[in-house]
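A.B. asks: Order-wise, the sequence lines are chains A and B. Each residue of the first sequence is one higher than the one before, starting from 1 at the first, in my numbering. Each residue of the second sequence is one higher than the one before, starting from 1 at the first, in my numbering.
Derived from the structure by calculation, the hints contain no laboratory data. Please note that the accuracy of each hint is not assured.
Across the chosen pairs, the derived CB separations fall in these ranges [what the hints assert, rightly or not]:
#1 E67(B) - E118(A): 44 to 52 Å
#2 E137(B) - T145(A): 21 to 29 Å
#3 I105(A) - R33(B): 21 to 29 Å
#4 R148(B) - T53(A): 42 to 50 Å
#5 E115(A) - R34(B): 31 to 39 Å
#6 I146(B) - K58(A): 44 to 52 Å
#7 N5(B) - T145(A): 19 to 27 Å
#8 R86(A) - R33(B): 23 to 31 Å
#9 A12(B) - W156(A): 23 to 31 Å
If you want the footprint, here are the derived chain B segments under chain A, 3+ residues with CB under 8 Å [what the hints assert, rightly or not]:
#10 1–8
#11 26–32
#12 51–64
#13 78–84
#14 122–136
Every value quoted in this text rests on a predicted model; they were computed, and no experiment measured them. Glycine included, every Cβ here is placed at the ideal spot set by N, Cα and C.
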Amino acid sequence: MSTRRQDDGYQARLSLASFDVFYRTYLPVLMRFLICQARDSGWALEIAQDAMTAACDKWDDLLTYDRPDSWLFMVAIRRLRRLEARARERCWLSEDRDDADDLQIVAAIDPWVSEQRELISALRSLPRRQAEVIGLHFLAGYSITDTATILHLSTWAVRMQLRRGLEALATAKPPGRPALTPTGGHDVDHRE
Amino acid sequence: MITENELRAAAATIGDMPAADVERRLRQLKDRRRACTSLAELAHLAEQDLAELEQAAYHLARRCDDEGDLAAAARWYRVAAANDFADASLELAKVLDRLAAGQRNYPAAPGSDRTELDLVSDAARWYGAAYAAGHPESADLLDDLIARHDPRRARESRAPAGHLQPRPCDPCPLGGLTEVMRCQLTVASAHVGTCRSCQQELLAHGGILPAIGRNTVRSADRPPATALAAEPPS
Numbered sequence: 001m002s003t004r005r006q007d008d009g010y011q012a013r014l015s016l017a018s019f020d021v022f023y024r025t026y027l028p029v030l031m032r033f034l035i036c037q038a039r040d041s042g043w044a045l046e047i048a049q050d051a052m053t054a055a056c057d058k059w060d061d062l063l064t065y066d067r068p069d070s071w072l073f074m075v076a077i078r079r080l081r082r083l084e085a086r087a088r089e090r091c092w093l094s095e096d097r098d099d100a101d102d103l104q105i106v107a108a109i110d111p112w113v114s115e116q117r118e119l120i121s122a123l124r125s126l127p128r129r130q131a132e133v134i135g136l137h138f139l140a141g142y143s144i145t146d147t148a149t150i151l152h153l154s155t156w157a158v159r160m161q162l163r164r165g166l167e168a169l170a171t172a173k174p175p176g177r178p179a180l181t182p183t184g185g186h187d188v189d190h191r192e
Numbered sequence: 001m002i003t004e005n006e007l008r009a010a011a012a013t014i015g016d017m018p019a020a021d022v023e024r025r026l027r028q029l030k031d032r033r034r035a036c037t038s039l040a041e042l043a044h045l046a047e048q049d050l051a052e053l054e055q056a057a058y059h060l061a062r063r064c065d066d067e068g069d070l071a072a073a074a075r076w077y078r079v080a081a082a083n084d085f086a087d088a089s090l091e092l093a094k095v096l097d098r099l100a101a102g103q104r105n106y107p108a109a110p111g112s113d114r115t116e117l118d119l120v121s122d123a124a125r126w127y128g129a130a131y132a133a134g135h136p137e138s139a140d141l142l143d144d145l146i147a148r149h150d151p152r153r154a155r156e157s158r159a160p161a162g163h164l165q166p167r168p169c170d171p172c173p174l175g176g177l178t179e180v181m182r183c184q185l186t187v188a189s190a191h192v193g194t195c196r197s198c199q200q201e202l203l204a205h206g207g208i209l210p211a212i213g214r215n216t217v218r219s220a221d222r223p224p225a226t227a228l229a230a231e232p233p234s
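The shape of chain A in the complex, shown without the other chains (with noise of 0.2 Å):
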């Protein structure tokens, strides 16, 4: 992976030096990272352990990342993705969910999400790859770069699906159908 260490002092800088700390800084930002990508938040709670755990069973390798909590992200998108592909071949997934009650009963233990509970149908009502990018460029607060090695897209494809859900955003109608081909340009973060 390309954000192995390049320095010795990594540890310090980070102070991740316990998977303890590691679990509590980042807990919370991916849990609801996920509710925002996912249409059923108890798959969310799910994945967000299971990529915890992950991470804890290969905690010492990790250590020697540059950044091990997009190698935390990367597991847990490509986990949900892959058991939402499964549930989509069965028909156990349905693109128009009404996730209302789905996010009622998390906005009850989750302050965040009751508060969010507009912007959250929204991202949710994005195609996967704009609702990622977004969640992981706004939300998480990572690069264009590292959003593209987690995502394992070019930066101009980031960039791309950065605009487009942007521009869904802004027009975003009630949940439940991809939105079409945007027209237009906006102006995005370029962080690098």
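Given the coordinates of chain A, work out where chain B should sit on it, guided by the hints.
C.D. replies: Only chain B this time, still in chain A's reference frame:
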């Protein structure tokens, strides 16, 4: 309507979670790891290996694609696309599209029509998957694919159905189609049914050939089953 500012506001608080809640989840994770059987641990490791396999398949597909081995590229892209990896579904659809185009250019192979149809429907399916994943350009590519392989459209590389390929033939013993059309209709029909030179001349004028059966050829006195529909050449 969601703006960038709203996204940034949501991002500002996304990491805030009550400490007790985080600690509870951390305890759950540790309990689960302690209770994990060796079989469950192996299942976890297999799951991680699978994720690496997707990536390896994708890279292999790209290499095969670059080297022009489209069949192998399709096979490996399919492994990655089945797990919704990156843009594998779009790349798979493009490769299948090119394979279908290849079948179209070599129609003589037995079963090529069926193979082409299978490739086109498979490509269409994956263009649809790519569109749903967030690649809107696949809609245009799908339109192009359908337009190129529409069976109602005449194929450039093949002769239109019901027509003969022009090929060298002997000159007409009666002096050509113009002379033949001056004869009685039944005689003219019988002659055109057997004379390749007149047939080609007739087709060039947009006419339809009479049914070429044993009766037509042998019974010159009897009118053919299909009458000549062509206008007399000018």
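A.B. asks: Provide an ascending list of the numbers of those earlier hints which the structure does not satisfy.
C.D. replies: none
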